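**Student:** Residue strings, one per chain:
2 protein chains.
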Amino acid sequence: MSQLTSREIRLISRPDGEPTPQNFELAHVTYDDPSPGMVQVRNYWMSVDPYMRGRMYDRPSYVPPFGLGETLQGHAIGEVIASGDTDFAVGDIVTHMLGWREIAQGPKALFTKVDTHGIALQAFLGVMGMPGMTAYCGFLEICTPKAGETVFVSGAAGAVGSLVCQIAKLKGCNVVASCGSEAKAAWLKSVGVDEVINYKTAPNLLKAVQSCAHQGIDMYFDNVGGEHLEVALEVARVGARFAECGMISQYNATRPTSGPKNLINVIGKSLKIQGFIVSNFAHLHAQFVEEMGGWIKSGDIKWEETIMTGIDKAPAAFIGLFNGVNAGKMLVKLS
Amino acid sequence: MSQLTSREIRLISRPDGEPTPQNFELAHVTYDDPSPGMVQVRNYWMSVDPYMRGRMYDRPSYVPPFGLGETLQGHAIGEVIASGDTDFAVGDIVTHMLGWREIAQGPKALFTKVDTHGIALQAFLGVMGMPGMTAYCGFLEICTPKAGETVFVSGAAGAVGSLVCQIAKLKGCNVVASCGSEAKAAWLKSVGVDEVINYKTAPNLLKAVQSCAHQGIDMYFDNVGGEHLEVALEVARVGARFAECGMISQYNATRPTSGPKNLINVIGKSLKIQGFIVSNFAHLHAQFVEEMGGWIKSGDIKWEETIMTGIDKAPAAFIGLFNGVNAGKMLVKLS
Numbered sequence: 005m006s007q008l009t010s011r012e013i014r015l016i017s018r019p020d021g022e023p024t025p026q027n028f029e030l031a032h033v034t035y036d037d038p039s040p041g042m043v044q045v046r047n048y049w050m051s052v053d054p055y056m057r058g059r060m061y062d063r064p065s066y067v068p069p070f071g072l073g074e075t076l077q078g079h080a081i082g083e084v085i086a087s088g089d090t091d092f093a094v095g096d097i098v099t100h101m102l103g104w105r106e107i108a109q110g111p112k113a114l115f116t117k118v119d120t121h122g123i124a125l126q127a128f129l130g131v132m133g134m135p136g137m138t139a140y141c142g143f144l145e146i147c148t149p150k151a152g153e154t155v156f157v158s159g160a161a162g163a164v165g166s167l168v169c170q171i172a173k174l175k176g177c178n179v180v181a182s183c184g185s186e187a188k189a190a191w192l193k194s195v196g197v198d199e200v201i202n203y204k205t206a207p208n209l210l211k212a213v214q215s216c217a218h219q220g221i222d223m224y225f226d227n228v229g230g231e232h233l234e235v236a237l238e239v240a241r242v243g244a245r246f247a248e249c250g251m252i253s254q255y256n257a258t259r260p261t262s263g264p265k266n267l268i269n270v271i272g273k274s275l276k277i278q279g280f281i282v283s284n285f286a287h288l289h290a291q292f293v294e295e296m297g298g299w300i301k302s303g304d305i306k307w308e309e310t311i312m313t314g315i316d317k318a319p320a321a322f323i324g325l326f327n328g329v330n331a332g333k334m335l336v337k338l339s
Numbered sequence: 005m006s007q008l009t010s011r012e013i014r015l016i017s018r019p020d021g022e023p024t025p026q027n028f029e030l031a032h033v034t035y036d037d038p039s040p041g042m043v044q045v046r047n048y049w050m051s052v053d054p055y056m057r058g059r060m061y062d063r064p065s066y067v068p069p070f071g072l073g074e075t076l077q078g079h080a081i082g083e084v085i086a087s088g089d090t091d092f093a094v095g096d097i098v099t100h101m102l103g104w105r106e107i108a109q110g111p112k113a114l115f116t117k118v119d120t121h122g123i124a125l126q127a128f129l130g131v132m133g134m135p136g137m138t139a140y141c142g143f144l145e146i147c148t149p150k151a152g153e154t155v156f157v158s159g160a161a162g163a164v165g166s167l168v169c170q171i172a173k174l175k176g177c178n179v180v181a182s183c184g185s186e187a188k189a190a191w192l193k194s195v196g197v198d199e200v201i202n203y204k205t206a207p208n209l210l211k212a213v214q215s216c217a218h219q220g221i222d223m224y225f226d227n228v229g230g231e232h233l234e235v236a237l238e239v240a241r242v243g244a245r246f247a248e249c250g251m252i253s254q255y256n257a258t259r260p261t262s263g264p265k266n267l268i269n270v271i272g273k274s275l276k277i278q279g280f281i282v283s284n285f286a287h288l289h290a291q292f293v294e295e296m297g298g299w300i301k302s303g304d305i306k307w308e309e310t311i312m313t314g315i316d317k318a319p320a321a322f323i324g325l326f327n328g329v330n331a332g333k334m335l336v337k338l339s
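In order, the protein sequences belong to chains A and B. For the first sequence, the numbering used here assigns the number 5 to the initial residue and increments by one for each residue that follows. For the second sequence, the numbering used here assigns the number 5 to the initial residue and increments by one for each residue that follows.
Next up, chain A with everything else stripped away, as it sits in the complex (with noise of 0.2 Å):
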C-alpha cells in the first residue's frame, strides 16, 4: 500500500468584495491506493474561471456553494496512475471536476476519458473544454447569427469571449469587440476582429461602439454586464439577441448594483435577452467536438493562454481574473 501527498486549495472566508489570498490555504492530503471502483489522478492542469466567484457565496444557486474549509472544486486535466475498476487504465488522460488540487481521486462517474487527438492537454479547459463549448452553444443557439450582421461582443480577450469572436468571422458575421488593453486589442485585430474598443482608455464606451457600429447591433454576447450591457441596449437594433453568458464586472460586488437604465429597449426593439449556462446544451457536445476541432485542425481558431505554474498559485490565477490579468484561457500547471 502506497500513499500520495497532494497539495490542494482550500476556501477558508468567504470574500467580502474581491477575492484576497486570505480567502484560501494551502493544504496537505494523503491518499491511499484506490479503492475498487475508484480512479486516482495525477493532475497536470487545472482551470479557473470566473464563475467560481458565483460559488463562494453561501446561497442557493444553480450549483451549490463552496463549503468553507472545504478543497475548492473545478475543471482540471490529468492522467490516470492508479485505478480500482477496469473501465480506467494507467496512462489515461482523463477530464474532471476535482480541481485546485494535485492528486484526485474519487468515483469512476467522476472521471472522463479523453482522446486528445495530439490537441495540448490543456486545451480541454480552453477552447475544446467548457469554455469552449460556452461560446460555441452561447453564441450560435442564442445569438443565431446570420452572416452579414454585426455582433459585440465584451470580456473579448478572455477565454470565451475570444472564441466567440473567432466563430462569428468564420459565420460571416462583423465583429465590434471590447477589451481591456493594447496588447489584448492586437490579439483580437490579429484574429480578424472588425473593430477593437479598449474600455479602459475609451473616454466614452457609447460612443465607441456607436462609431465602430454605425447601424447597430444585431447581437450582443456578454460576459460583462453593467456599463457594457446599457450600451448594447442602447446601439441594439431593433430584434436583437443578447446572449447573456457573464457579468464580469458585478461579481464582485458587495451591494447590489442598480441595473441597466434603459432596460425599457427591451419592448421597443423587441429584443431578447437570454442567460445561459452551458450544461444547458450538453446534448450539442458531438457537434461542438466535431466542429470546433475541425477548426483547430485548420488553424481556423486560436488561442491565448496565461498560464501560472504550482498549485499555490491557483488563488493568484483566480484573483487575476477579476483584474484583467489573463489574456484568453488561465490556467495553473501542476505537473
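To be clear, the hints were calculated from the coordinates, so they are not data collected in a lab. None of the values given here were measured: they were computed from a predicted structure. Don't take each hint at face value.
[As the list claims (entries may be wrong)] For each label pair, taking beta carbons as the anchor points, the in silico distance ranges come out as:
| no. | chain 1 | residue 1 | chain 2 | residue 2 | range |
| --- | --- | --- | --- | --- | --- |
| 1 | B | Val67 | A | Leu210 | 22 to 28 Å |
| 2 | B | Ala320 | A | Arg241 | 34 to 40 Å |
| 3 | A | Lys211 | B | Gly328 | 24 to 30 Å |
For every residue, glycine included, the Cβ atom is placed at its ideal position computed from N, Cα and C.
Position chain B against the provided structure of chain A, taking the given hints into account.
**Tutor:** The following block gives chain B in isolation, referenced to the frame of chain A:
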C-alpha cells in the same frame, strides 16, 4: 358638396412626467366629401393605450413620435358615411388608426373592414383588437405555457393583463396576478385567477408573490416593470420565460430610473427576457381571431370596460391609465 365638422384632440406640448390636460387641445376640423380613393368614417369608439405615452416623447422608436400641434392617432372603430372607392360602402364597419377624432377621413388603405359576428363594436378595440392580440401572442409565443406551470401577471386588471390571466387558465396554468385595488382583485378572482395581490396594500411585494408561488414562477408577463420585474427575477425558476409587454411604472419617468438590481439572475437561472410589440405577430392574426372569437362565444373569456363619453374626455381617459382609473379596457365613446 357637404361639409362635416369633426372635433379632434391635438398634442400641443410634450408631457414632462405624467401627462396633464394642458398637454392637449380640442380642435375643430372640417372635412369635404371624400375624393376618389378616400373613405370617410364616423368614429363610434376610440382607444387610449399606455403605449401612446411613448409616442409623446420626441425620440426615435418603433413608431414615430406624435407631432406637436397635430391630431393624435390611435385605434378606433366606426362606420363608413361616405366613400370615394367601390371597396367601401356606406354602412361598412371599419377599424383604423385615426382615433382621437370624431370623423376619420383618409386613403382606403388606412381602413380595414370588420365582420363583427354580433360582437360589440368596442370589443374590436379590446379583446378582439390590439390588446387581445397582444395578450394572446405575447403569452403563447413568448411564455410558451405548459399545463401545470405558474405565471405571474403584473397589471393584471388592465386590458392586456386580464386576458393573459384567462388565457393562462384556459391553458391549464396556475395564475398569480397583481393589481391596484380590491375591486380589481375581486374581479380577477371571479374569472378564475388563483392568487391575486393588491400591490398597493401588500407590505412587501416580494414576500407576497413568494407566498402565492411557493415553487417560484415559470413565466412572467410584464405590464409594469420596476419593482414588479425585480420581484419576478427573484422568484423565477430556472428556465423561466419573461414576456416584456409594458413597463407602465416607467413611462412617465422624468429621468432614467435604475434597472432591476438583480438582473444577474438572468444568467444563473437561464432566463429568457423577451420584449415584443404586437406587430411582430401579424402572421398570427387569423389564428387569434378564430381562437379568441371562439372563447368569447363560449363565454370562456370575460372582460371589463371603463368608458368615458365624448371626444373632449379623451385626454382624461388617457391620463387615467397611469392612475389605475380603468378596470379592463379604457375606451372613449364618440357617438
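**Student:** Do the beta carbons of A/Lys211 and B/Gly328 sit within 24 to 30 Å of each other?
**Tutor:** violated (40 Å)
**Student:** Check the following: the C-beta atoms of B/Val67 and A/Leu210 are separated by a distance inside 22 to 28 Å.
**Tutor:** holds (24 Å)
**Student:** Could you see if the CB distance from B/Ala320 to A/Arg241 stays within 34 to 40 Å?
**Tutor:** holds (37 Å)
In this structure, the one hint that does not hold is number 3.
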